[in-house]
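These protein sequence lines are chains C and W, in that order.
Residues in the first sequence are numbered consecutively from 67, following the working numbering.
Residues in the second sequence are numbered consecutively from 29, following the working numbering.
Some hints here could point you the wrong way.
Below, a list of computed lysine-lysine pairs in the DSS-like style, where the Cα atoms sit at most 30 Å apart [unchecked claim]:
1) Lys-447(W) to Lys-356(C)
2) Lys-182(C) to Lys-81(W)
3) Lys-230(C) to Lys-447(W)
4) Lys-230(C) to Lys-425(W)
5) Lys-422(C) to Lys-82(C)
6) Lys-444(W) to Lys-425(W)
7) Lys-182(C) to Lys-444(W)
8) Lys-81(W) to Lys-267(C)
9) Lys-134(C) to Lys-182(C)
10) Lys-425(W) to Lys-400(C)
11) Lys-81(W) to Lys-82(C)
12) Lys-400(C) to Lys-447(W)
13) Lys-400(C) to Lys-444(W)
14) Lys-356(C) to Lys-343(C)
15) Lys-63(W) to Lys-230(C)
16) Lys-447(W) to Lys-63(W)
17) Lys-81(W) to Lys-343(C)
18) Lys-267(C) to Lys-63(W)
19) Lys-356(C) to Lys-444(W)
Just so you know, the hints here were simulated from the structure itself, not pulled from any lab data.
In this text the structure is predicted, and so the values were computed from the model without any measurement.
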Amino acid sequence: MASDQIFVGLEIGTTKICVIVSEGRSDGTISILGVGETPSRGVRKGEIVDLNTVTECIREALLDAEEKTNVEIGNVWVAITGSHLRSFNNRGTFILPEDRDLILPEDLQTVETNAKEVSLPAANSFLHTIIQSYHVDGNRNVLSPVDMVGSRLEADFHIIHGVKTRIQNTLRCIEALNLGIEDVVLSSLASALVVLTQQQKDLGSLVIDMGGGTTDYLLYLDGAVRHSGVLALGGDHITNDISLGLRLPIARAELLKIQEGSASDPELSEDGLISLKNDPGFHGCEIDRKSLDTIIHLRVREIFELIRDDIESTGEGMLGMLGAGVMITGGCAKLRGIATLAEDVFELPVQLTRAKEVGGATQTFENPQFSTAIGLTKYAMAVSANIPDESFLQRVFGGLFRRRQR
Amino acid sequence: MSTETKETMRRILVGVGNAGVAVLDRIAIEHPGMKGLLVINNDEDSLAASIVKRRIAFPLGDLGEAFLAIEEEFGLAISGAVSVTFCGGLGGECSSFLLPSLVARTKAAGVTTLACVGMPFGFEGRQRRDLATAALEKLHELCDGVAIIDNDRLSGGAPSTAAIREAFQIADQTLQNALMALQGMLSSSGPVKITRADLVSVLGISGAMTHFGYGQAEGGNRLHEALEMALKSPLLAHSEKGTKGGALKEVSTLLLLLQGAQDLSFAEVQRTVSELESLAGEECRIKVGVHADRSPGAPLEIFILASSGVERPALKHSEPAVSRPLVREAVAPRPVLQPIVPPLSPEPMPVAEKPNKAAEPPSSSRPSKAVKNSANPVKQTQGVLDLDTYQRGRFDKSEPTIVAGEDLDTPTFMRKGIKLGSPSRR
Numbered sequence: 067m068a069s070d071q072i073f074v075g076l077e078i079g080t081t082k083i084c085v086i087v088s089e090g091r092s093d094g095t096i097s098i099l100g101v102g103e104t105p106s107r108g109v110r111k112g113e114i115v116d117l118n119t120v121t122e123c124i125r126e127a128l129l130d131a132e133e134k135t136n137v138e139i140g141n142v143w144v145a146i147t148g149s150h151l152r153s154f155n156n157r158g159t160f161i162l163p164e165d166r167d168l169i170l171p172e173d174l175q176t177v178e179t180n181a182k183e184v185s186l187p188a189a190n191s192f193l194h195t196i197i198q199s200y201h202v203d204g205n206r207n208v209l210s211p212v213d214m215v216g217s218r219l220e221a222d223f224h225i226i227h228g229v230k231t232r233i234q235n236t237l238r239c240i241e242a243l244n245l246g247i248e249d250v251v252l253s254s255l256a257s258a259l260v261v262l263t264q265q266q267k268d269l270g271s272l273v274i275d276m277g278g279g280t281t282d283y284l285l286y287l288d289g290a291v292r293h294s295g296v297l298a299l300g301g302d303h304i305t306n307d308i309s310l311g312l313r314l315p316i317a318r319a320e321l322l323k324i325q326e327g328s329a330s331d332p333e334l335s336e337d338g339l340i341s342l343k344n345d346p347g348f349h350g351c352e353i354d355r356k357s358l359d360t361i362i363h364l365r366v367r368e369i370f371e372l373i374r375d376d377i378e379s380t381g382e383g384m385l386g387m388l389g390a391g392v393m394i395t396g397g398c399a400k401l402r403g404i405a406t407l408a409e410d411v412f413e414l415p416v417q418l419t420r421a422k423e424v425g426g427a428t429q430t431f432e433n434p435q436f437s438t439a440i441g442l443t444k445y446a447m448a449v450s451a452n453i454p455d456e457s458f459l460q461r462v463f464g465g466l467f468r469r470r471q472r
Numbered sequence: 029m030s031t032e033t034k035e036t037m038r039r040i041l042v043g044v045g046n047a048g049v050a051v052l053d054r055i056a057i058e059h060p061g062m063k064g065l066l067v068i069n070n071d072e073d074s075l076a077a078s079i080v081k082r083r084i085a086f087p088l089g090d091l092g093e094a095f096l097a098i099e100e101e102f103g104l105a106i107s108g109a110v111s112v113t114f115c116g117g118l119g120g121e122c123s124s125f126l127l128p129s130l131v132a133r134t135k136a137a138g139v140t141t142l143a144c145v146g147m148p149f150g151f152e153g154r155q156r157r158d159l160a161t162a163a164l165e166k167l168h169e170l171c172d173g174v175a176i177i178d179n180d181r182l183s184g185g186a187p188s189t190a191a192i193r194e195a196f197q198i199a200d201q202t203l204q205n206a207l208m209a210l211q212g213m214l215s216s217s218g219p220v221k222i223t224r225a226d227l228v229s230v231l232g233i234s235g236a237m238t239h240f241g242y243g244q245a246e247g248g249n250r251l252h253e254a255l256e257m258a259l260k261s262p263l264l265a266h267s268e269k270g271t272k273g274g275a276l277k278e279v280s281t282l283l284l285l286l287q288g289a290q291d292l293s294f295a296e297v298q299r300t301v302s303e304l305e306s307l308a309g310e311e312c313r314i315k316v317g318v319h320a321d322r323s324p325g326a327p328l329e330i331f332i333l334a335s336s337g338v339e340r341p342a343l344k345h346s347e348p349a350v351s352r353p354l355v356r357e358a359v360a361p362r363p364v365l366q367p368i369v370p371p372l373s374p375e376p377m378p379v380a381e382k383p384n385k386a387a388e389p390p391s392s393s394r395p396s397k398a399v400k401n402s403a404n405p406v407k408q409t410q411g412v413l414d415l416d417t418y419q420r421g422r423f424d425k426s427e428p429t430i431v432a433g434e435d436l437d438t439p440t441f442m443r444k445g446i447k448l449g450s451p452s453r454r
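Looking at chain C on its own, in the form it has when it is part of the complex (with noise of 0.2 Å):
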């Protein structure tokens, strides 16, 4: 097997730290190999809080992850989330010199440049320029621009930055390991290359990756990146609602939250109690489940409503647009009722979702927990099958924060 062909995603979640091993197939699909995991210590809302901790994590888990695929790793892709990250949609513009009308590559180069050219926070990096659409001389929508006749180009982008220095810090935790770093991949942008087919993009569709510390969205229309966002709140949130509300210890809540939780609406749940029994340091107790319902629908619904307010202040009725609806992935898809809970608050068709056109460990793929570690290695195969040698990228894209996607 060629050594290239083999992708490597990891991601440091607030509650595992996860790596993917995957091989790249000849028709454009990934084959999982295997994962390697383990809890995630010195995380908290998806940024690094302890860098020690989390570099012997994540040891832990690429020396799981080779020992179950039999790869020796020496490269990773890498997700990055946090609350830290911000969007923003902004057109470049090119006018072509007088001499030529003929759009060259370098000129679409130029576009992104122009587009990127406001005034960050100084302490902020650009992290991901995504394209939208191009449009020369007021043709809207072409496709490649490259070779056609025109005097002046236009280019949308979706353009995503963070501070810096927390990006640093991720990497930080993966170069005292002596790994490389291929790039750095927006979780929900990782997400979405899985969970979503290029008709769902096409017809619009809006992702939610629900974690432990972070829900990260995207949002896609005509098969573009329209909006993304990051908010640090999770299923910690939910957990630690429910151990503050019925004073249990948080491992505890966590329990009663997998076991029992649901989002749905609690005029609508059972009457009853749920009976928790007796453990070292805790006294068991019964729970109305009434209350358990009312903590998580109050939290889960606050998260959703931030969401569709955060696409709504866009003033572009983009969820309107949505023909393909919402599909929610991340850990806490898998919590009861929430899909009738996103219905309720988007008012669109909402799927729990998990990575997909994936082949190998059925287990791994299955579980939507995975589907941004999958996600980094469909990331990784496609930049590589996009982009024919690693010095043109370089002369291309640049730096590290600097690569683009379609």
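Guided by the hints, dock chain W onto chain C, whose structure is given.
For chain W alone, coordinates are given in the frame of chain C:
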């Protein structure tokens, strides 16, 4: 839509010229949900690159005719506004001409009009400085209040060896902070408010230089750190000796706004005022606003806006029907490179001498020490002890997740005040 959102939408920020566009772009990036942003420029590339959604292209050519071309669109953009705050760098042809014309148009609509403008760096040349000075005079004449950021005074932040790009970035950042301070004061919701009349009385002093400082901090030492940061802001630290807050020695009036969590204490407000009084002297009139309805853990923000000179007596009121012809006169065709707009009117803008009913009666002149002692200018209200202790559990020591001023680490049911049944122990 909540009342608060409606209010936010009705306070409009207008960025004019390249500097104005750059500053509003920064604000749009840092506050993605912020409403009421509008940019106007004659530089097509700058407008195309801007991320502000509402943009008006100011046509090239004769400035008077160009203004008439955009006047209707601008009027629509500001319709229903309670206040319009303009920002831009003076000295450029577009902003120096356009700002006074837009201000006149806004005043004609009877809207409270403020401007926050940057004066050019010395190295930008005398002609630019002259153009800026003339435009500034016009703004003083027309606006309810003008905050001036003199870029040359920012040298404390950007030493002479600083890269030119860096110098402009610092200027933009300062303009942005000043603009956000003005917005913060305009939206101040108490318990101790800064009124629009207060703002106008400070910023409406013609020819006076504005001193501005901003600080933010959280944690146990938040007051000291935030105040230190504010007093070290370039426009406040500026003085011959370069000491912190040195510029306050020159000021006659000072607005202080403290924004923070519900646990912001009287002692903290008192200490801030005492510190500023010791720096500014007893002659300085200090007006305090306290906005303390944020969730626990929210950072403390201190805004200081000060001015030297004698206070303006009251808000100006314009009568739309009377002042409208003034706009036409302001934009009468003229040679493109004339230094500044021709006089808007042989007569001053109609000014009502009566104070605004909604506004607190401002003092008519700089108060003497005796007056200051006898009539306390700071309207203080008794605080209410918050007996609802919000808990954050496992997020107690982590960076708070603040959205729209609410700490979302606190359980949703607690913030919504929903009572739950207690678990029954065996």
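inquiry  = Of the numbered hints stated earlier in the document, which are not met by this structure?
reply    = 3, 7, 9, 11, 16 and 17
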